[in-house]
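Q: Take a look at the letters that make up each chain.
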Amino acid sequence: MTILMSLDPASLLRSMPGACAQGLIWGLMALGVYITYRLLDFADLTVDGSLATGGAVAVMLIRGGMNPWLALIFAFIAGMAAGLVTGLLHTALGIPGILAGILTQISLYSINLNIMGCSNQAVSVDKYNLVVSLRYISDSPISKIRVFATSILFCLAVVMILYWYFGTEQGHAIRATGCNPQMARAQGINTDFHTVLALMISNGLVGLSGGLYAQYQGAADVNMGRGAIVIGLAAVIIGEVVFGKLCAGKYFAFAYTMLSVIAGAIIYYIVMNLVLWLKLPSDDLKLFSAIVVALFLAIPYLKAKYGRKEARA
Amino acid sequence: MTEMLKIEHIRKTFNPGTINEKVALDGVDLVLNEGDFVTVIGGNGAGKSTTLNAVAGVWPVDSGKIYIGGDDVTKLSEYKRAKYLGRVFQDPMTGTATTMSIEENMAIAARRGEGRGLSWGITRKERALYRSMLATLDLGLEDRLSSKVGLLSGGQRQAITLLMASIKHPKLLLLDEHTAALDPKTAAKVLEISDKIIAENHLTAMMVTHNMKDAIAHGNRLIMMHEGRVILNIAGEEKKKLTVEDLLHQFERVSGEEFASDKALLS
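Residue numbers (the working numbering), protein chains in the order written: chain A, 1 to 313; chain B, 1 to 267.
Read the hints as simulated data drawn from the structure, not as lab findings. One should not assume that every hint holds.
Claimed, not checked - Pairs of lysine-lysine, PhoX-like flavour, derived with a Cα cap of 25 Å: (1) B:6 with B:65; (2) B:6 with A:303; (3) B:65 with A:250; (4) B:6 with A:250; (5) B:6 with B:75.
No experiment lies behind these values; they were computed from the predicted model shown.
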C-alpha cells in the first residue's frame with residue numbers, strides 16, 4: 001500500500017514523451033529486425049553490434065565536424081557493411097545464420113572500440129546542432145514538437161521507401177528467398193545474393209537507428225546495442241499481436257504492418273517506463289524484457305500444440 | 001529434330017564414403033527431342049526424381065554431361081539453370097511462395113532468367129495477362145489475384161505452379177510426381193491442365209509418376225528406371241499399344257526382379 005501511495009502519476013505522465021521518442025527511434029531498428037526475422041526468416045544477431053557501430057560512426061563524425069544529418073547516412077552505410085559481413089559468413093562460407101550474426105557482433109565490439117578510441121564518446125547538444133536530443137524533450141513545447149516531428153518523419157519516410165522497395169522486382173526476390181528458397185531458385189533467383197542484400201538493408205536501418213539514438217542520448221557507448229535484438233523482436237511481436245488483425249487483408253497491408261512494428265516499439269518503451277515507475281529495480285529490466293519476448297514467442301507454439309490436442313479429442 | 005535435352009552418362013552417389021552411401025544415378029543416358037513428352041516410371045529409389053534434380057541442378061553430378069537446348073549446363077548453378085526450365089514439385093508447398101499473393105508469384109516466374117532490378121514488381125498489363133491465364137484453369141482463381149497463395153488448396157497451388165512453370169516458354173518442363181500429393185479427382189484435373197499447357201505451348205516435358213496408367217496415357221514416350229539406370233525406353237506406336245501388364249512383364253524381364261511398388265500396381 002505504501003508503495004502504491006508513493007507512486008506519482010504526474011511523473012509517469014512526464015516520462016511518456018521520452019518513451020514515445022525512444023520508441024520511434026528504436027522503431028527504425030525494429031523495422032530492420034522485421035526485415036530479417038519475418039521477411040528473410042533469418043534470426044540476425046548482428047544488430048546488437050551494428051546498432052552501436054551506427055552510433056559510434058555518427059558520433060565520431062559529428063565530433064569531427066560533420067553535419068549531424070550527413071553523419072546518419074554514414075551510420076547507415078556502416079550498418080550495411082556489418083550486414084554484408086554476416087551475409088558473406090553465412091552464404092559464402094556456409095556458417096549457420098545465428099552463429100554468423102554472433103561472430104560479426106563480437107568482432108564489432110572491438111571495431112566499435114577502435115572507432116571511438118574508448119568505450120564512450122559524447123556529443124553535446126550545446127556544441128552541435130543535433131537531429132534529435134533528449135534535451136529538446138524537456139525544453140519548450142516547440143523543441144518537443146521538433147523531436148517528434150523529426151522522428152515521425154524519419155519513420156514515415158523509411159516506411160514509404162521500404163514499401164516501395166519490397167514492391168519492386170528485387171524486393172519480391174528477397175521476399176521469395178525468405179519464404180521459400182527452393183521456389184526462389186527454381187524461378188532463377190540467386191538466393192545467396194538476396195540474403196546478403198536483405199541483411200545489408202536491415203543492418204543499415206539498425207545503424208541509422210543507432211546514429212539517431214546516440215544523438216538523442218548525447219553519447220555513443222560500446223554497450224548501447226546490448227540486447228537490441230530482444231527489443232527489436234519485442235517490437236515486431238507486440239506489433240503483430242496488438243495490430244495484426246487490423247493490418248490483414250488491407251490494400252496497403254505491408255505499410256500498416258511496418259507502422260505496427262514501430263507502434264510495437266513505442267508500446268515497449270511505454271511499458272518499460274511503467275515498470276520503472278512502479279519502482280521495480282532497473283537492473284531487472286533486461287530480464288523482464290527477455291521474459292516478455294519469450295512468452296510472446298511461445299504463445300503461437302503452445303496454441304498450435306494445444307489446438308491440435310483439442311482437434312484430436 | 002532438335003535435341004532439347006541430352007543427358008550423357010550422369011552419375012551421382014550420395015554420402016560417399018559413409019555407411020549411408022547410395023549410388024542414386026549409375027550412368028543415366030537420355031535424349032529428348034523438341035516436343036517430346038516423356039513419362040518416367042520406376043520403383044522407389046530407382047532414380048526418377050534424382051534424374052530430374054540432376055537436370056535442374058539442385059546439386060552437381062559426379063560425372064557426365066547435361067545439355068539443354070544445345071547448351072552445356074552441367075556446371076551451371078540451380079538458379080542460373082532456371083531460365084531453361086519450368087518445374088513443378090511433388091509437394092504443393094514447394095512450388096510457390098505462400099506468404100505472397102497469386103499475382104506476385106506469377107510475376108516472379110515471369111522474370112525467370114532476367115535481372116531483377118528496381119522497377120515495379122508487377123505492371124498493370126501483366127495483371128490483365130495473369131487474370132486471363134488463371135481464367136483458363138477454370139478454378140475461379142482469376143478473381144483472387146491478390147489472395148495469398150497460402151490460402152489455396154494443394155490442387156490450386158499445383159495449377160498455379162504449372163502456369164508459373166510454363167509462363168516463360170521453357171525449353172524443358174520438369175514435372176516431379178506433381179499429382180502424387182493430391183486426391184484422385186484433383187490429380188486428374190491437374191493432369192488435364194498439364195496436358196493442355198504442354199500441348200498449347202509445344203513444350204518438351206518430363207513427367208515422373210508412380211502411376212503406370214498415367215504414364216501410359218500421357219506423353220509420346222516412356223522410360224522406366226531401376227537402380228539408377230534407364231532400363232526401358234519406349235516411344236511412338238509401341239507406347240500407344242502399351243498396357244500395365246506389358247510394362248510389368250518388361251520390367252521383370254529386364255531387371256530380373258518383381259516390380260516392388262504396391263502403389264504403382266494398385267493405382
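Q: Does each hint fit the structure? Answer for all of them.
A: Quick rundown of the hints versus the structure:
1. B:6 with B:65: Judged against 25 Å, a Cα distance of about 8 Å means the pair holds.
2. B:6 with A:303: Violated: residue 6 of chain B and residue 303 of chain A sit about 51 Å apart, past 25 Å.
3. B:65 with A:250: Roughly 50 Å separates the two Cα atoms, so the pair is violated.
4. B:6 with A:250: 49 Å, violated
5. B:6 with B:75: Within the cut-off at roughly 14 Å; holds.
Comparing the model with each earlier hint shows violations of hints 2, 3 and 4; every other hint is respected.
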